[in-house]
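Chain residues, written in single-letter form:
2 protein chains.
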Amino acid sequence: MLISSSLLRRRPHRWGTIHKTREPLRPPVGRKMLKFDVVVIGAGILGVSSAYHLQKSSPDKRILVIDRLGDAGQANTGRSNAMFRNTFSSSDNQVLANSSIDFYLHVQRELGIDIGVDTIGYLWLMSDRQLSAAEGYLEKMAGNGIDFRRFGETELRNAIPGLETRQDSDEARVMSLEEVDGGIFGPKCGRLAPDKLVGFYRDRFREMGGQVMFNQEAEHLIVEPREGLGVEGEPFVWQESSVVGVRLGDGSEVRAETVVVAGGAWNNELLDPIGIDGHVKAKKRQLFAVPAKGVPSLETLLWTKGLNDSGTLPFVILPKSGLFVKPVKESGEFWIGCEDEINRPFITFPEHDLERYPAEPRYYELNVHQVLREYMPQFEGARPSRMWAGLYSYNTLDNMPYVFEQDGLIAVGGDSGSGVMKGDSLGRVVDSVYRDGWDAETTLYGGATYRASKLSFRHRDVEREEWVL
Amino acid sequence: MLISSSLLRRRPHRWGTIHKTREPLRPPVGRKMLKFDVVVIGAGILGVSSAYHLQKSSPDKRILVIDRLGDAGQANTGRSNAMFRNTFSSSDNQVLANSSIDFYLHVQRELGIDIGVDTIGYLWLMSDRQLSAAEGYLEKMAGNGIDFRRFGETELRNAIPGLETRQDSDEARVMSLEEVDGGIFGPKCGRLAPDKLVGFYRDRFREMGGQVMFNQEAEHLIVEPREGLGVEGEPFVWQESSVVGVRLGDGSEVRAETVVVAGGAWNNELLDPIGIDGHVKAKKRQLFAVPAKGVPSLETLLWTKGLNDSGTLPFVILPKSGLFVKPVKESGEFWIGCEDEINRPFITFPEHDLERYPAEPRYYELNVHQVLREYMPQFEGARPSRMWAGLYSYNTLDNMPYVFEQDGLIAVGGDSGSGVMKGDSLGRVVDSVYRDGWDAETTLYGGATYRASKLSFRHRDVEREEWVL
Chain A
297 MLISSSLLRR RPHRWGTIHK TREPLRPPVG RKMLKFDVVV IGAGILGVSS
347 AYHLQKSSPD KRILVIDRLG DAGQANTGRS NAMFRNTFSS SDNQVLANSS
397 IDFYLHVQRE LGIDIGVDTI GYLWLMSDRQ LSAAEGYLEK MAGNGIDFRR
447 FGETELRNAI PGLETRQDSD EARVMSLEEV DGGIFGPKCG RLAPDKLVGF
497 YRDRFREMGG QVMFNQEAEH LIVEPREGLG VEGEPFVWQE SSVVGVRLGD
547 GSEVRAETVV VAGGAWNNEL LDPIGIDGHV KAKKRQLFAV PAKGVPSLET
597 LLWTKGLNDS GTLPFVILPK SGLFVKPVKE SGEFWIGCED EINRPFITFP
647 EHDLERYPAE PRYYELNVHQ VLREYMPQFE GARPSRMWAG LYSYNTLDNM
697 PYVFEQDGLI AVGGDSGSGV MKGDSLGRVV DSVYRDGWDA ETTLYGGATY
747 RASKLSFRHR DVEREEWVL
Chain B
297 MLISSSLLRR RPHRWGTIHK TREPLRPPVG RKMLKFDVVV IGAGILGVSS
347 AYHLQKSSPD KRILVIDRLG DAGQANTGRS NAMFRNTFSS SDNQVLANSS
397 IDFYLHVQRE LGIDIGVDTI GYLWLMSDRQ LSAAEGYLEK MAGNGIDFRR
447 FGETELRNAI PGLETRQDSD EARVMSLEEV DGGIFGPKCG RLAPDKLVGF
497 YRDRFREMGG QVMFNQEAEH LIVEPREGLG VEGEPFVWQE SSVVGVRLGD
547 GSEVRAETVV VAGGAWNNEL LDPIGIDGHV KAKKRQLFAV PAKGVPSLET
597 LLWTKGLNDS GTLPFVILPK SGLFVKPVKE SGEFWIGCED EINRPFITFP
647 EHDLERYPAE PRYYELNVHQ VLREYMPQFE GARPSRMWAG LYSYNTLDNM
697 PYVFEQDGLI AVGGDSGSGV MKGDSLGRVV DSVYRDGWDA ETTLYGGATY
747 RASKLSFRHR DVEREEWVL
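If you read the protein sequences in the order shown, they are chains A and B. For the first sequence, our numbering gives the first residue as 297, with consecutive numbering after it. For the second sequence, our numbering gives the first residue as 297, with consecutive numbering after it.
Wrong hints could be hidden among the right ones.
[Claimed, not checked] Once the Cα atoms are required to be at most 27 Å apart in a straight line, the calculated DSS-like pairs of lysine-lysine come out as:
#, chain 1, residue 1, chain 2, residue 2
1, B, Lys750, B, Lys436
2, A, Lys331, A, Lys352
3, A, Lys331, A, Lys357
4, A, Lys750, A, Lys601
5, B, Lys357, B, Lys484
6, B, Lys436, A, Lys750
7, A, Lys750, B, Lys492
8, A, Lys601, A, Lys625
9, A, Lys436, B, Lys436
Everything labelled a hint here was simulated from the structure, so no lab data went into it.
When you get a sec, could you build the whole thing from the sequences and use the hints?
In structure tokens:
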């Protein structure tokens with residue numbers, strides 16, 4: 297419709313004829329424009345879980361998932377340690393993870409779909425100081441129905457072959473290593489296969505009619521006024537604007553009523569240019585695979601009995617630097633890594649090519665191995681046979697994930713290294729926000745409800761996570 | 297002291313002789329190393345206020361302020377609109393700003409030092425919808441002893457020459473302009489001169505023995521283990537590390553027990569590389585100076601009587617886009633600007649040269665002028681004679697500033713466009729955290745106390761600011 301020309305008449309510059317239209321602007325001639333109800337950007341765990349739950353709740357909606365790589369879970373999800381736990385300091389994390397784990401167990405055991413779930417348990421080795429600090433977390437866990445078991449030092453020495461609980465050597469003193477005075481064991485914790493998990497969501501999503509588009513870069517989000525005038529420079533600040541789609545690397549556009557941003561470490565790259573904070577800082581995390589085969593003391597450790605049904609060592613966390621030892625029985629190796637608090641950079645806009653963040657042999661040598669061999673001397677001569685790295689996406693505010701909706705988009709991210717273990721719940725939160733808006737009540741797997749707005753920033757109400765790996 | 301060589305003996309690589317030392321490493325030969333108790337990076341309002349309060353509380357400490365520019369307040373502080381208000385939605389902002397204003401009034405009126413304070417008042421013009429939304433804020437303001445006055449539509453029409461309160465034209469409809477149904481006036485709000493304010497803090501700081509170093513770039517923060525081994529690659533993750541100083545652009549180092557990071561929009565640039573989130577997103581804000589001289593209707597507006605002791609129009613905020621009109625009597629002009637919510641980028645790592653963020657004539661034309669002339673038709677033919685831009689430093693979490701201490705540093709920032717108006721209080725918070733640690737109680741000007749940790753992230757407990765300009 298042609299609006300009153302008085303708006304035009306008084307203007308001191310050339311605006312041409314102003315057409316008021318509710319139709320979106322057309323992309324340049326010759327470029328494709330696809331229309332969907334929802335487009336999900338990113339096919340990592342948070343993207344595919346969101347897409348699955350959206351499609352399941354809204355079978356008639358046309359939903360598209362796009363990703364720059366050739367399949368789902370090929371970036372940081374696939375590089376992750378893919379451990380899961382329900383042992384957290386934050387009640388919110390306890391609830392979100394516990395119900396996700398229940399869903400994964402349901403998929404594995406009741407649906408009979410192999411997603412590699414193996415509940416080997418988490419075993420945190422701690423000094424008395426650390427045990428006292430954890431008391432408050434354990435109390436909350438008990439209140440939220442999260443199982444755990446305490447171990448004494450002697451029990452640990454008997455259970456874990458070769459474990460050195462006393463740290464009184466010169467080396468231990470130089471590194472300020474704390475002694476192992478006890479342990480906390482979480483039985484409903486363990487491993488899964490991230491490629492199989494994202495494959496489950498991807499396949500079910502497609503079976504329900506969802507569409508995927510791989511090898512397509514999301515270049516930038518398209519913001520347009522709700523009532524466009526067709527004037528260059530729109531949207532103006534006095535126009536109510538919203539995100540209406542995404543421009544792809546090949547110049548084509550995908551338009552959708554709702555855009556779900558699930559870009560993980562790349563959320564800032566999509567959101568910051570339109571003036572919405574992506575609230576993510578990425579940090580490199582490295583994994584070092586150390587073979588046990590052929591080293592009797594390491595094989596004995598790998599096949600530690602009595603602590604879980606798997607007949608392997610649990611996932612063990614040492615009292616220093618969050619250093620962890622993960623048994624990988626199918627390849628006969630341990631995956632080992634640690635965390636660093638300061639002096640390793642936060643990355644705000646990560647490279648697209650993750651090969652730019654390589655694992656560093658020297659990091660293993662100086663930061664990991666020095667500590668590891670003090671607690672588990674059988675690693676003395678062990679070195680990694682391969683190593684890789686990926687990016688954690690931190691929400692440094694409280695180490696808790698976020699889901700917020702604003703102006704036509706829903707953003708999910710900031711999972712701070714635990715996207716896999718809370719992926720199912722976060723997908724359900726995204727879906728409920730899509731259907732019911734910011735004040736949605738999300739029904740998690742198992743029936744518990746969770747107020748979605750707790751994960752937003754405007755109405756944020758989550759307990760900070762202190763028990764970080 | 298030479299430590300046990302057994303740490304060395306077992307190492308598979310060449311570490312040379314390991315010396316354990318508490319002395320900092322020396323910078324390369326020929327480069328200067330200066331030592332202070334505290335170094336403050338950044339001489340904007342937050343830096344100089346912090347330095348002043350630190351030096352005042354700790355007269356024996358050696359404190360240094362460094363800045364990349366030639367004097368204090370030459371970056372975004374000097375480009376700011378330099379308005380102050382105590383009218384906020386957040387009780388925290390109310391308290392922090394109100395006491396800062398009291399201090400500025402004390403400096404101007406009791407100490408007799410001209411910092412350009414002129415309490416012209418803030419006048420928010422609002423629709424009924426906006427007035428209802430503000431009711432909760434006003435209640436909190438009353439509870440915190442903040443004065444305000446309500447105006448009705450007729451009163452406003454009589455008070456402000458030419459004000460168009462009804463918005464029923466085609467243009468108003470296209471732009472969804474809301475009508476002016478009433479107004480809120482804050483009498484203890486107004487203008488000050490940012491160059492004079494930072495000059496006050498800088499000069500008093502120097503008089504007390506504080507040192508300044510201008511034209512010196514803070515290149516990066518230096519992180520070292522508390523107990524160094526003198527081994528390449530330190531600090532390792534198993535070492536307790538802290539920030540011990542800053543490397544300057546000329547290669548020299550400034551070492552200090554405490555480093556205060558007050559870099560404003562550049563906080564990320566300093567903090568992210570050491571793995572501490574700078575928590576700032578910058579956004580360009582533009583100011584357009586429109587001369588009133590020689591245009592009788594604009595002169596009449598500028599010299600509006602009866603609303604303040606200054607005999608000028610108050611600072612007026614229109615009901616759309618936070619568009620504001622500031623009278624500048626000494627130059628006979630108005631400064632005009634507005635805010636934008638989405639579709640203008642957040643800048644995570646701003647350029648050092650602020651000329652890279654120029655004001656845009658077209659922005660005035662399309663975003664500002666279209667709205668302005670509908671409410672104040674006397675601006676119809678008016679155009680800016682000059683314009684400039686600066687960067688706001690948002691903390692997008694809750695639009696509230698932060699002060700946190702971690703590993704030898706204290707960071708202050710994220711003032712979201714209101715650093716000048718809360719500058720004094722934030723400087724006092726920094727000083728109290730320096731003296732008493734994260735759980736300090738800050739005594740604000742006037743005697744009120746404020747729990748410093750409320751402004752941290754770990755123990756954050758502030759009310760989100762919704763009344764943003």
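Going through the hints against the structure:
no., hint, verdict
1, Lys750/B / Lys436/B, "18 Å, holds"
2, Lys331/A / Lys352/A, "20 Å, holds"
3, Lys331/A / Lys357/A, "11 Å, holds"
4, Lys750/A / Lys601/A, "41 Å, violated"
5, Lys357/B / Lys484/B, "36 Å, violated"
6, Lys436/B / Lys750/A, "24 Å, holds"
7, Lys750/A / Lys492/B, "44 Å, violated"
8, Lys601/A / Lys625/A, "13 Å, holds"
9, Lys436/A / Lys436/B, "34 Å, violated"
In summary, the numbered hints that this structure violates are 4, 5, 7, 9.
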